[in-house]
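Start from the sequences, fold in the hints, and give me the full structure.
Protein chains: 2
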Amino acid sequence: MEIKVLTDILEANDAIAEQNRKKFDESNVVVFNLIGSPGAGKTSIIEVAIRKLKKKYRIGVIEGDIETSRDAERIAKLGVETLQINTQGGCHLDANMIASALTGFPYQSLDLLFIENVGNLVCPADYALGEDAKIVVISVPEGHDKPAKYPVIFRNASLMLLNKMDLVPYCDFDVEAMKQDALNVNPDLDVIGISCTTGEGAEEWAAWLTERIKRRKSRG
Amino acid sequence: MEIKVLTDILEANDAIAEQNRKKFDESNVVVFNLIGSPGAGKTSIIEVAIRKLKKKYRIGVIEGDIETSRDAERIAKLGVETLQINTQGGCHLDANMIASALTGFPYQSLDLLFIENVGNLVCPADYALGEDAKIVVISVPEGHDKPAKYPVIFRNASLMLLNKMDLVPYCDFDVEAMKQDALNVNPDLDVIGISCTTGEGAEEWAAWLTERIKRRKSRG
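One line per chain: the protein sequences are X and A, in this order. Numbering of the first sequence is given in the working numbering, commencing with residue 24 and proceeding in unit increments. Numbering of the second sequence is given in the working numbering, commencing with residue 24 and proceeding in unit increments.
Worth flagging that the hints you see were computed from the coordinates, not collected in a lab. Glycine is no exception: its CB is placed at the ideal position from the N, C-alpha and C atoms. Incorrect hints may have been included.
Listed next, the in silico DMTMM-like pairs over lysine to aspartate or glutamate satisfying Cα-Cα at most 25 Å (straight line) [claimed, not checked]:
1. Lys75(A) / Glu41(A)
2. Lys172(X) / Asp197(A)
3. Lys100(A) / Asp204(X)
4. Lys100(X) / Glu104(A)
5. Lys100(X) / Asp197(A)
6. Lys45(A) / Asp149(A)
7. Lys75(A) / Glu199(X)
8. Lys172(A) / Asp149(X)
9. Lys100(A) / Glu223(A)
10. Lys100(A) / Asp197(X)
11. Lys79(A) / Glu90(A)
12. Lys100(A) / Asp195(X)
13. Lys172(A) / Glu199(A)
14. Lys172(X) / Glu70(A)
15. Lys202(A) / Glu90(X)
16. Lys172(A) / Glu70(X)
17. Lys172(A) / Glu90(X)
18. Lys100(X) / Asp195(A)
19. Lys202(X) / Glu96(A)
20. Lys172(X) / Glu104(A)
21. Lys172(X) / Glu96(A)
22. Lys202(X) / Glu90(A)
23. Lys75(X) / Asp195(A)
24. Lys202(A) / Asp204(X)
25. Lys172(A) / Glu96(X)
26. Lys172(A) / Glu104(X)
Simulated coverage check for chain X against chain A, where a stretch passes if three residues somewhere in it have a Cβ under 8 Å from a Cβ of chain A [to be verified]:
27. 48 to 62
28. 130 to 143
29. 171 to 181
30. 186 to 194
In C-alpha cells:
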C-alpha cells in the first residue's frame, strides 16, 4: 500500500517534470540538478562555476533548502538571478516546487540554470525536476565506499564531482577505488575531481558545462 | 492529502516504536539510534565505543543500510552481536524494521545496543525506533552551518558527536559557532568533539555511554 502511494507520487512528479523540461527546452536553457549530502560542497561548486562562466553566459540558481536562505544569500552576492525554495521539512525538491518557482523566475533569459537540491544523498535521486542532467556532488571526507552503499544517485547522475580533493592527504581515501566503484554502478558517469579551496578541477568543471551549453545552442 | 498519509505513517510507526521500547526496557538494555549523513563516521564512532567498553558491557549493533553489508562486516570483526537491515532503497529505518529484526536478535542479553541508521541527516530524524536517545553524528568537513539548515535532528537528539576534529586545521570550520548554533536549536543537547583517527574525545564518549548504562541499571 505504501509502495503504491509512492509509485503514484513519482508518476505525478514525472508528468510535471516533463512540463518543466518542455519550458526549459523552448527557452534553450540548460538545467542541472545538483544532489549531495549536507556539506558536500554543492553551493561552493556552483560558486566556482559562476565565477568561471558569468562573463560568457547568463546564469541562474534555484536553491532548495529545508530552512534558511543562507545558500541563496551566498549565491546572490555573485550577481546572478537567485531564487530560494524552502521545503519546510521536506527532504527533497519535487517537480511541482520547481513549476511554482518558475512562474516568478526569469529562466527564459538564461543560458544555464543550476538547481541545488536539499542536502541528502538518498531521496532527491528519485525525483525528476525537468533537468537536463543530475550531478552528484560527493566529498573526499565522506569516504570512498559511497557508490556501492548509495547506488541510486550514482546510477541516475551524468557527472560525479569529487569535491574537497585538497583533503586527500588527511583522509583514508582511495581516489581510484572510488572512481572504479562509481563506474561499476554507472559506466557512463563522467568524473571530475575538484577542490573549491585550491582551484583544482575548476577548469575541467567549467569546460564540462560549456560543452553542454554549446551542444544545446547548436541544437536549438 | 500527502501530509495526511505521512501523519498516518508516523503515528503507526510511533505505536510500534513504543512496543520496541517496552521490550528494551524489560531487558534493561540501553538503545541509541545514530543518525548522520553518509560518511559522517557513524560506523567508526560505534567501533570506538565497542573497543572502549566491550570488556565491561555486552554490546550489540543493528546496522541499517540501503544496500551492502559492509558496515556490519566491519562491526562483526570486533566480536559483538551484529545484525544487518537492508532497506532496499528506503531512506530511513522505521520501527517495524526493528521489530522484525528483534525476533532473531538476542537483545535480551545486552547492556547496550547501537542502531546505526541509513546515512541521511533528514528523514531518519522523524522516525522513532524505540531508542532511549537519538545521537546525531556530524563531521567537521560538513561545515558549521548545519544545525540551522537541518534543525529537526538537532532538536530531537540528546547528544551531538562532532566527528573528524583532526580535520579542523584543514577546513574553514568554526567549532564554537557550530556548538552555539546547535545549542540555539536545542539547549539540552550534549556535545562531544571526537576524532576516530587521533582518539580525541573517545574517553568522553565512553563516559557518556557508561553514565547512561549505569543510570538504566540503577533504575532496573
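Legend entry - Hinted pair Lys202(A) and Glu90(X), Cα distance within 25 Å: holds, 19 Å
Inset, instruction - Measure nothing beyond the straight line between the CA atoms of Lys75(A) and Glu41(A); if it is 25 Å or shorter, mark the hint as holding. - result: Outside the cut-off at roughly 30 Å; violated.
Inset, instruction - Tell me if chain A covers the region 186 to 194 of chain X under the three-residue, 8 Å CB rule, please? - result: holds (count 5)
Inset, instruction - Would you mind confirming whether the straight-line C-alpha gap from Lys79(A) to Glu90(A) stays at or under 25 Å? - result: violated, 32 Å
Inset, instruction - Would you mind confirming whether the straight-line C-alpha gap from Lys75(X) to Asp195(A) stays at or under 25 Å? - result: Judged against 25 Å, a Cα distance of about 22 Å means the pair holds.
Inset, instruction - Take the C-alpha atoms of Lys100(A) and Asp197(X), compute the straight-line distance between them, and say whether it is at most 25 Å. - result: Distance ~22 Å between Lys100(A) and Asp197(X) Cα, so the pair holds.
Inset, instruction - Measure nothing beyond the straight line between the CA atoms of Lys172(A) and Asp149(X); if it is 25 Å or shorter, mark the hint as holding. - result: holds, 22 Å
Legend entry - 25 Å limit on alpha-carbon distance, applied to hinted pair Lys172(X) and Glu104(A): Judged against 25 Å, a Cα distance of about 22 Å means the pair holds.
Legend entry - Outcome, coverage of the region 48 to 62 of chain X by chain A - at least 3 residues whose beta-carbon is closer than 8 Å to one in that chain: Since 3 is at least three, the answer is holds.
Inset, instruction - For the pair we were handed, Lys172(A) and Glu199(A), check the Cα-Cα distance against 25 Å. - result: Given that 25 Å is the threshold and the Cα spacing comes to 17 Å, the pair holds.
Inset, instruction - Take the C-alpha atoms of Lys100(A) and Asp195(X), compute the straight-line distance between them, and say whether it is at most 25 Å. - result: holds, 19 Å
Inset, instruction - Would you mind confirming whether the straight-line C-alpha gap from Lys172(X) to Asp197(A) stays at or under 25 Å? - result: violated, 30 Å
Comparing the model with each numbered hint stated earlier shows that hints 1, 2, 4, 7, 11 and 24 do not hold.
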